[in-house]
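> Given chain Z, put chains B, Y and V in place with the hints provided.
Protein chains in written order, with this note's numbering: chain Z, 1 to 97; chain B, 1 to 497; chain Y, 1 to 311; chain V, 1 to 93.
There could be a bad hint or two in this list.
What the hints assert, rightly or not - Computed, partial: chain Y to chain Z, Cβ under 8 angstroms: (1) Ile2; (2) Pro185; (3) Leu186; (4) Leu189; (5) Met192.
Keep in mind the hints are simulated off the structure, nothing from the lab. No residue lacks a Cβ here, since even glycine has one placed at the ideal position from N, Cα and C.
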Amino acid sequence: MSLLANGFTIVAVLAGLVFFVAGTAGLLRFPDTSSRLHALTKADHLGLGLIVLGLLPQVGGVGEAARLLAIWALVMLSSAAVGPMIARLTRGQEGAE
Amino acid sequence: MQATGWGALPMLAVMLPVLAMVVALPLGARRAERLTLAMLPAGLALAIGTAVAVQVGGAPVVHLLGHWSPPLGLAFRADGLAAAMLLTAAVVIGAVAIFARADFGTKAGQPERREAFAFWPLLLAVWSAINLAVVANDLFTLYVALELLTFAAMPLVCLDGSRTTMEAALRYLMFALLGSVLYLLGVALIYGACGTLDITLLARMAPDQPAVILAIVLMTVGLLAKTALLPLHLWLPPAHAGAPAAASAVLSALVIKGSFVLLLRLWFGVMAGQPMPGAAQILAGLGAAAILLGSVAALREARLKLLVAYSTVAQIGYLFLMFPLLASVAADSQVAAMAWSGGAVQAVSHAFAKAAMFLAAGIMAARFGHDRIVELGGAGRAMPVTLLTFGLAGLSLMGVPPSGGFAAKWLLLSAAIGAGQWWWALVVLGGGLLTGGYVYRVLASGLRAGEGAPDPAPIAWQRDGVALGLAVISVVLGFLPLAAFGLVQVGRLGVLP
Amino acid sequence: MIADLLLAAAIAAVATGSVLARRAFTAVALFIAYGLLLSLAWVRLAAPDVAMTEAAIGAGLSGVLLLGAVRRLGPHADAPANLPPGLLLTALIGIGCAGVAAALGAAILWLPEPAPTLAPQVAAALPTTGLGNAVTGVLMSFRGLDTLLEAAVVVLAVIAVWSLAPDGGWGSAPGARQPVVGRGPLSLLARMLPPIGIVVAAHILWVGADAPGGKFQAAAILAAMWLLPWLAGLATPPRIAAPWLRMAVVAGPVLFIVVGLAGAAVEGAFLAYPPGWAKPLIKSIEVVLTASIAVALALLVMGPPEPDAPR
Amino acid sequence: MSATIFGLLGAALVGIGLFGMLVRVSGVLRLLSFNVLGGGIFLVFGVVARRGAGAGLAGDPVPQALVLTGIVVAFAATTLAVALLLRLGRDGE
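Just chain Z, same shape as in the assembly (with noise of 0.2 angstroms):
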């Protein structure tokens, strides 16, 4: 049981360090700053939704684990509001007002 959790840990973190992998060379790569948002909130949410449930199994209690899924959500609630944010700014400020 500990051989299967330590595994799916194992497996679910390694994915998603490799989608913060991809997600920071969208970054440095990619030519617009739309893409580039694009590139950095997918790699937000599923990098660290990964490794969230990756952690999941190696928690002490239900109170850890309501941590680590409030973690994910806050970091998803303020990507999910400032990506917008972001794109509107640079979209020029006659599209902002």
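Leaving out everything else, chains B, Y and V in the frame of chain Z:
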């Protein structure tokens, strides 16, 4: 370290102004003014009590906060020098508070004004910070004290809200912040090397690790920037000259002394075991350059308040002449005692004289509507008390006997000869002549018959009174028998067993 | 080890970029990254309390403050106040700073071994306070004076910042009026986050007695929960003349000083807590102090009152 | 080991921040450099704390507590400087 009786006196001298400063915010300008005035006698009584306790007991007064003793806890330690500074601060703050009522007072029913709202808590903050800076015995608490001093002094500089003073305030803030971080870096290194920040414990340890030496170098540079020793003085003239007169008095008399006292504690407390004669000669050399260049700048200055500010730059120089004298002789020798007293009396008498001078300059500037020295003609007839105040304070700064400035300079002179470093004696004498030059310029201009002598504006007699009072104190200090200066010798760190 | 090296290299790179950036906006963005990476370094140095404070204040609040300053200064942010030093002088300053860094590095490497420490003394004295978090014990008991003075510094900073108000606006609300963004994503965030943030702050404050966390961290989060609706134009700060606002800023420091003076009267030393009373007194001071510091931090970020702010 | 790495990093940050404070001329950038410098100094405190681990504590809590105080004080200083800069910028318009 043991707590001693009467330790509550210096503790209250620090905490009551802090409490008053905090409470002043919700009270609003009018009640804050009254609270400040009510605090003055209490603060003076606490300072006198501390001085008496130190003098009578012949030992520093110690208060252990929360009963925790250093190195884990923090201590307040009021030695003779601290007691003298507490007294000086209480008197100067009191005089300035009375003086400032005309500018920053709020009449019944009048709405709160920005300047009045800010002035009183800032004055209380300066008071608590200077008291804290002389009695705190922990290097990090002293860092907080220095920041408190900066945060209170910076807004005082630009209280009038003009662009020029804002720029002066920004420059001052940048110098002060750089000074603070260098000091803080030194604190980190000293803790890393010694595991304590208590000055008395550090003095007993006599640390000589490279980290401590580097720390002292960094802290010295930082504190010099705050004390405005040449060449780190560039911020001082615009800041001290631009501030309202009451604020200038506090800035020149007290604020720069906080970092100076701390410097003394580092050099002759923490590093008492490692005399640094070479470095001390450099400091005194900078001091001599400050005396010379500051006085020359004052001689050439066209504006009265800038002249007084450059005079501060020069007088700060005298404070550093004690360093090589103390560093080159045995700590318990007669010469060391003379040099220490000379420096301490210089700090105290300069505080009274300079506060008086700035207040007098402020009265003149308010009356004339400008402070151009050549156009002060008629001042002697229209405002004789003000000009007398300026003259008396000038006598003390020059070091004419009998005055506090004379006592200070005579002690420094004798110590210089006693230590075999006669060249510093020449500096003291030459500086006195230059000081006489710029004081004479102002008096001569003021005594000329002026065609444009202004109509007497209604200025309260209290303003002239407190300014004159401060000038008289700076002179009367010279009448005290030398034994009275024994107070500042009590608890000198370098001579403790 | 390798992770530490990578982290240190990243921090140094971001710091260099921030200091040398051509545009002020870039510099601030890099500075925020610097603060966040630095808080990771604090985790590696086994100082979770500091890590939280650095992230919340060093990166978060400072970032908001500086970004706001860059936006409001506009082209002024990049405008030099005076002439930049010449190439030769710059090189000399660079050599000097490198010298300082090298001397400092050497001094740190040569610090005595074993390192002097107060950890055993703190551990021995901590039970008398009833607290479990050693850092909180130092802040509230052994070095309580520092914390008290720091609270006073924050009050003084509020007074000082307000004293810089332009003429004509005295008594009005602090800070420039923020444009109302209506139903955008910021507005959504400003509505959804504060309840969560307040719960988180209360939690951090409550566990701070025994676990990492405490009043500064909680206060910074609370301040952010007020600043967010303000930035979204949803909340107008009260006028600075409002008595309750001024009371809120000073309540914590006043309580702290009064408890300290009561200690002097009853126990004979400032900030001495009567036996058995240490923990409840410390907790009460911390709760009130958190609220005061939160209000003060938010007011400091908002800035002085402006004449064009709503009266 | 990590204490040594971050100790040297702290020293480097002090150098970088000091350079910025002395060389940059725009007020905001100078202020940023001040904060970079402050971060480096706090890191030195952190290294001192980490080296002093003992008695069941992962670090000496005294320097850690000093850093907490220092961060808040540095932030207050930054807000003061920003308020001044904004005031000067606004008058310049």
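> Look at each hint and say if it fits the structure.
Consistency of the hints with the structure:
| no. | hint | verdict |
| --- | --- | --- |
| 1 | Ile2 | violated, 15 angstroms |
| 2 | Pro185 | holds, 4 angstroms |
| 3 | Leu186 | holds, 6 angstroms |
| 4 | Leu189 | holds, 4 angstroms |
| 5 | Met192 | holds, 6 angstroms |
When the structure is compared with the earlier hints, a violation turns up for hint 1 alone.
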